[in-house]
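4 protein chains.
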Amino acid sequence: MQNKPDDSKLAKLAKAWWTTDIIDISPGSIRMRGYAIEELIGNISFPEMICLMLRGERPQPGELRLLEAALVSAVDHGPQAPSIAIARMAATCGIGINGAMASGINALGDVHGGAGQQCMELYAEVAELCQEGMQVDVAAVQVVEARMAQGKFLPGFGHRFHPVDPRSGRLLALVQEAREAGVVSGGYADIAIAITEALATIKGKSIPMNIDGATAVIYAELGFAPELARGMFILSRSVGILAHAWEQTGQGGRIKGPMPPAVPYTYTGPAPRDL
Amino acid sequence: MQNKPDDSKLAKLAKAWWTTDIIDISPGSIRMRGYAIEELIGNISFPEMICLMLRGERPQPGELRLLEAALVSAVDHGPQAPSIAIARMAATCGIGINGAMASGINALGDVHGGAGQQCMELYAEVAELCQEGMQVDVAAVQVVEARMAQGKFLPGFGHRFHPVDPRSGRLLALVQEAREAGVVSGGYADIAIAITEALATIKGKSIPMNIDGATAVIYAELGFAPELARGMFILSRSVGILAHAWEQTGQGGRIKGPMPPAVPYTYTGPAPRDL
Amino acid sequence: MQNKPDDSKLAKLAKAWWTTDIIDISPGSIRMRGYAIEELIGNISFPEMICLMLRGERPQPGELRLLEAALVSAVDHGPQAPSIAIARMAATCGIGINGAMASGINALGDVHGGAGQQCMELYAEVAELCQEGMQVDVAAVQVVEARMAQGKFLPGFGHRFHPVDPRSGRLLALVQEAREAGVVSGGYADIAIAITEALATIKGKSIPMNIDGATAVIYAELGFAPELARGMFILSRSVGILAHAWEQTGQGGRIKGPMPPAVPYTYTGPAPRDL
Amino acid sequence: MQNKPDDSKLAKLAKAWWTTDIIDISPGSIRMRGYAIEELIGNISFPEMICLMLRGERPQPGELRLLEAALVSAVDHGPQAPSIAIARMAATCGIGINGAMASGINALGDVHGGAGQQCMELYAEVAELCQEGMQVDVAAVQVVEARMAQGKFLPGFGHRFHPVDPRSGRLLALVQEAREAGVVSGGYADIAIAITEALATIKGKSIPMNIDGATAVIYAELGFAPELARGMFILSRSVGILAHAWEQTGQGGRIKGPMPPAVPYTYTGPAPRDL
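Protein chains in written order, with my numbering: chain A, 23 to 297; chain B, 23 to 297; chain C, 23 to 297; chain D, 23 to 297.
Don't read these hints as lab results, they were simulated from the structure.
Values in this document were obtained by computation on a predicted structure and should not be read as measured data.
Treat each hint with caution, since some may be false.
Simulated restraints on C-beta separations [unchecked claim]:
no.	chain 1	residue 1	chain 2	residue 2	range
1	C	274	B	183	28 to 36 angstroms
2	C	84	A	292	27 to 35 angstroms
3	D	245	B	172	19 to 27 angstroms
4	C	223	A	292	36 to 44 angstroms
5	A	276	B	183	46 to 54 angstroms
Just a few of them, taken from the derived set where beta-carbon distance is under 8 angstroms, the chain B residues facing chain D [unchecked claim]:
no.	residue
6	114
7	149
8	183
From the three backbone atoms N, C-alpha and C, an ideal C-beta is built for every residue, glycine too.
Kindly generate the complete structure, drawing on both the sequences and the hints.
So this is what it looks like as C-alpha cells:
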C-alpha cells in the first residue's frame with residue numbers, strides 16, 4: 023500500500039484475482055469445462071453433469087451407474103438425524119427454504135458428514151502399504167490394530183442404529199458387477215473387505231461395513247479425492263434435507279423446537295439467587 | 023405446564039412430535055416413500071430419486087428428461103455470482119466443505135435464487151385468468167401491465183449480463199418436444215411465450231426469457247409447487263458451489279477477500295476525530 | 023462487456039466497488055467512524071461500541087442504560103428455542119463453534135427473531151396516525167382492529183409460554199425512568215401501552231406485552247431502524263447460542279438428534295411397496 | 023429398539039435429553055445461572071451478562087474492563103475481510119439480516135477466526151513448561167523453535183497488512199494496568215512477551231504481536247478456555263458484520279458480486295469443445 027500500484031497494475035491484479043478451470047462466461051455464452059451449456063442441456067444427465075463439474079470429464083457409463091447408486095443411497099436418514107431436524111426446525115422460523123437447507127447442510131461436519139471422507143483416508147492408508155508390497159489382509163490388520171491401539175474410531179464400520187446397514191451390501195454388489203465388467207479395478211473393494219475381516223478377527227465379532235464404508239469404496243474406485251466424498255454426500259443428503267424442510271413447511275408450526283413444549287428439559291445449574 | 027402431563031401423555035406427545043411421509047426407519051430397514059433403499063439403489067437414477075423424495079412418486083421417462091435438463095442448466099454462473107464467490111472465500115477460512123457450501127447456499131434468497139419461484143407465481147396468475155375463460159395473450163398483457171404499473175420487476179425475463187440467455191431457448195425446445203410426445207400439456211410454455219410477446223409489445227423491444235423463466239415452465243409443467251422451484255435450483259447450484267469451493271481449496275490462499283488487497287476500497291465516513 | 027473498459031476505467035470501477043462509512047484502514051491504522059481503534063479500546067464499553075458502529079455516534083449515558091437492558095434481556099430462552107437447539111445439535115456434529123453459532127443464528131428469521139422488528143413497524147403505524155393528529159388511544163384501537171380484521175398476528179403481545187413475560191415490565195420501568203430523566207421522549211412507550219389497552223378491550227382479556235414489544239419500545243426510543251431491532255436481538259441471542267453450544271461441547275455426544283433415539287417418530291407415508 | 027421401552031422409560035429419557043446449567047424456565051420465570059432475569063435487566067451490563075453466561079459467574083470490575091477492551095478491539099476489519107464481504111454480498115441476495123450475518127459468521131473458521139484460540143493453545147504450551155520449572159524465556163524459545171522446525175505458522179504474531187498492529191500495544195497496556203492493580207497475575211502477558219522476544223531473536227527481525235496474540239493474553243488471564251476465545255471473537259466481530267450488512271442494505275444493489283461485473287475473471291480451463 024505504501025508504494026501504491028498504478029491503475030494498470032491494479033487492473034491486472036483484479037483480473038487475476040478469480041481464476042477458474044470450471045466455467046467461461048461471456049455475454050450470450052456459458053461453457054462448463056469447455057462445453058456450451060446449450061449442448062449440455064438435454065444431452066447429459068444430472069449426475070454426469072456433477073461428474074463433469076467435479077472431475078473435469080464425464081464419467082464412463084459403468085462409472086455413472088456407481089455414482090448414481092452412491093448418490094441415491096445417502097439422501098436421507100430420517101428426522102432424528104441432526105441435519106434433517108435442523109432443517110425442519112429452521113423451516114418453521116420464517117426463513118426461506120435456502121436458509122433451512124443451509125443451516126442443515128452446515129451441520130454435515132467431521133462427525134455427521136465426514137465418515138466417508140475419513141474412511142477414504144483409511145483405505146488410502148492400507149493402499150499405500152499394499153503399494154509397498156504388503157498383502158492386503160496383512161496391511162488391513164496392521165492399520166486396524168494401529169488405529170485401535172490409539173483408541174481411534176474406525177470410520178465406515180458399524181452403525182449405532184442398524185445391526186446391518188441395508189445399503190452397504192447392495193452398494194458393494196454393484197461395485198462387484200462393475201469390477202466384473204472391467205469398469206473399476208476393485209482394489210478398494212478388496213481393501214474394504216480385508217478391513218471388515220480384520221475387524222471381525224480382532225474384535226471377535228462382526229462389525230459390518232456401513233454406508234460410509236461402501237460409498238467410500240465407490241468414490242475411491244472412481245478416483246475422487248476424499249474431501250469430495252463429503253461433497254458428494256452433501257449433494258445427496260441435500261435432497262433429503264429439502265424434502266423434509268418442505269414437508270415441515272406444509273405441516274405448519276411456528277418455531278418448532280426439538281421436543282414438544284410439554285416435555286421439560288433438565289436444569290442442573292445454581293439454585294435461585296440474587297445479585 | 024401447570025397441570026404437568028403424566029408420563030404416558032408425555033411419551034405420546036414425544037412420539038407424535040416428528041411425523042413424516044418421507045422415510046420409515048427401523049433397525050436394518052430404510053424405506054423411502056415405501057420403497058426399500060436396497061431396491062432403490064442401482065435401480066433408479068439420482069434425479070428419479072430427487073423426484074420420488076419431493077413429489078412422492080417417480081417421474082415418467084419424459085418428465086425425467088425435462089427435470090434433468092432443468093437441473094443441468096443451473097449448476098453454475100461463475101465466480102462473480104455471490105453464492106459462488108461466498109463459497110470460494112469461505113473455503114479459504116478454515117471451515118469444511120460443508121460450511122463453505124452452507125454459506126453460499128444460504129445466499130440463494132429471494133433475489134439471488136428466488137426468480138424461478140417468483141416466475142412460477144407469475145405464470146400461475148396468468149393461468150388463473152385463463153381458467154376463468156380469458157385468452158392467454160390477453161391475460162398475459164393484463165398481468166404484465168398490472169405489474170409494470172406497480173413498478174414491479176418481472177421475474178424470469180431479461181438478464182443483466184446475457185443479451186440472450188443461451189439456456190432458455192434450449193430448455194423451451196425440450197418442453198416443446200415433450201409436449202409433442204404428450205408428456206406435458208404445454209400450457210405453461212404458452213403462458214411464458216405470451217408473456218414474452220406482451221413484454222415486447224409493451225416495452226417496444228424484445229426482453230428475452232432467461233433461465234428462471236424457462237425452468238419455471240418446466241417445474242410448472244411437472245406439477246411442482248413454486249417453493250420447490252427454488253429448492254430444485256438450490257440442488258442444481260449446489261453442484262457449482264461445491265466445484266468452486268473445491269477448486270479454491272486446491273488453489274490455496276488464506277482468508278481470501280473479494281478483491282486483491284492492493285485494490286483499495288472507498289472510505290466515505292467521518293474524518294479522523296477523537297473521543 | 024462488448025466495449026471492454028480500459029485499465030484505468032477498470033481500476034476506477036474496482037476501487038469504487040466497496041464503499042463504507044464505517045471503517046478506514048491503512049497499514050498501521052484502523053479508524054471506526056473516525057475514531058482510532060487504540061483510543062476506543064479501554065475508553066468505551068462494548069455496548070457503546072455497538073451503538074457507534076450501528077448508529078454512527080456513541081449513545082448518551084441514559085441511552086446506554088436502556089440499550090444494555092435490551093441486550094441483557096434477550097440472551098437466552100432455553101434449549102427448546104430452535105436457535106439454541108440447532109446450535110447445540112450442530113456442536114455435536116464436528117463443526118467449529120462458528121459453524122454451530124451460524125446454523126443457530128440463521129434460524130432467527132421472520133418468525134423466530136423478527137417479532138421485535140415487526141412490532142417496531144406496528145408502533146410506527148400508530149405513530150404515523152398520531153402525527154396526523156389522532157389521539158394515541160384512538161390510533162391504537164384503529165390499528166389493532168385493522169390487523170385483527172385481517173386475521174393478522176400482533177407482534178410483541180402475548181407469549182405461548184409465559185402468562186406474563188417477566189422481562190417486559192422491568193424493561194418498561196427502565197424506559198419510564200429514562201423518560202423522567204429526559205433521556206427519551208416516551209412516545210413509543212405511550213403507544214405500546216395504548217396498544218395493550220386496546221387489545222384488552224377488544225379481546226376482553228389481558229394480552230400482556232412480551233419481550234419483543236418491550237425491546238421494540240427501547241429501540242424505537244433510541245432511534246434505531248426496525249431491521250436493526252432484529253440485528254440487536256441477534257447480537258443478544260448470540261450470547262446464549264454460544265453458551266449453549268459450548269455447554270453441549272462439554273457434555274459430549276456425537277450427532278445428537280432432537281430427541282433420544284429410543285423415542286420413535288411417526289411415519290405416515292405409503293406402506294411398503296416395490297418399484 | 024427391539025425391546026421397545028415403555029412409556030415411563032420414554033418419558034424419563036425425553037426429560038433427560040436436554041440438560042443445562044445455564045437457564046431455568048417455567049411459566050412466568052426465567053433465571054440465568056440462578057439469577058432472575060428481571061433482576062439482571064438494568065443491574066448488570068451486557069458484557070457482564072456475556073461473562074455470566076459463559077463463565078457462570080460475573081466478572082470482577084477489573085476483569086470487566088479487560089473483557090470490554092478485547093470485545094471492542096475486534097469488531098471490524100473492513101470490507102475486504104471475507105466474513106464482512108460475505109455478509110455484505112449476502113445482504114443483497116434477498117435474505118434477512120440474520121441470514122447475512124450467519125453466512126459471514128460461518129466463515130470465522132480455523133483460519134479466519136481461529137488464531138486467538140490457537141494462540142491460547144500456544145501460550146498454554148509455554149505455561150506448561152514453566153509449571154515444570156523452566157524459565158519463561160527458555161520455554162518460549164523451545165516452543166517457538168519446535169513450531170518453526172515443523173514449518174508451522176505461529177498464531178498471534180505478525181500481520182499481513184499492518185507492520186505494527188495498532189490494537190495489540192493498547193491491549194497489552196491495559197493488561198499491565200490490571201496486573202499492577204492485582205486484577206490478573208500477568209503470567210500470560212509474560213509468556214506473550216517472551217514469545218515476541220524469542221521470535222525476534224530467532225528470525226533476526228521483529229514480528230510484532232497482533233490482535234489475536236493480545237486478546238489471547240486477556241482471555242487466558244481471565245480464565246477462559248481457548249475455544250471460547252473464538253466464541254468471544256465471534257461475538258465481537260458480529261457487531262461489524264451486522265453494521266456492514268446493514269450499510270450494504272442501505273446502499274442497495276441486487277446480487278452484488280465480489281468485483282464489478284466489468285472486471286473479468288480469468289478462465290484457465292479447456293478450450294471450447296463438443297460432447
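Status of each hint after checking the structure:
Residue 274/C and residue 183/B have their C-beta atoms about 50 angstroms apart, which leaves the hinted 28 to 36 angstroms range violated. Between residue 84/C and residue 292/A the beta carbons are some 32 angstroms apart, a value that agrees with the proposed interval 27 to 35 angstroms. One distance hint, 19 to 27 angstroms for the beta-carbon pair residue 245/D and residue 172/B, is violated here, with the actual separation near 59 angstroms. At about 42 angstroms, the beta-carbon gap between residue 223/C and residue 292/A stays in the expected band of 36 to 44 angstroms.
Evaluation of the 46 to 54 angstroms hint for residue 276/A and residue 183/B yields a failure: the beta carbon distance comes to about 39 angstroms. This hint holds: residue 114/B has a C-beta 7 angstroms from the nearest C-beta of chain D, less than the 8 angstroms allowed. Here the hint on residue 149/B is broken, as its CB sits about 25 angstroms from the closest CB of chain D, past 8 angstroms. A cut of 8 angstroms between beta carbons decides the hint on residue 183/B: the least distance to chain D is about 7 angstroms, and the hint holds.
In this structure, the hints that do not hold are numbers 1, 3, 5 and 7, in rising order.
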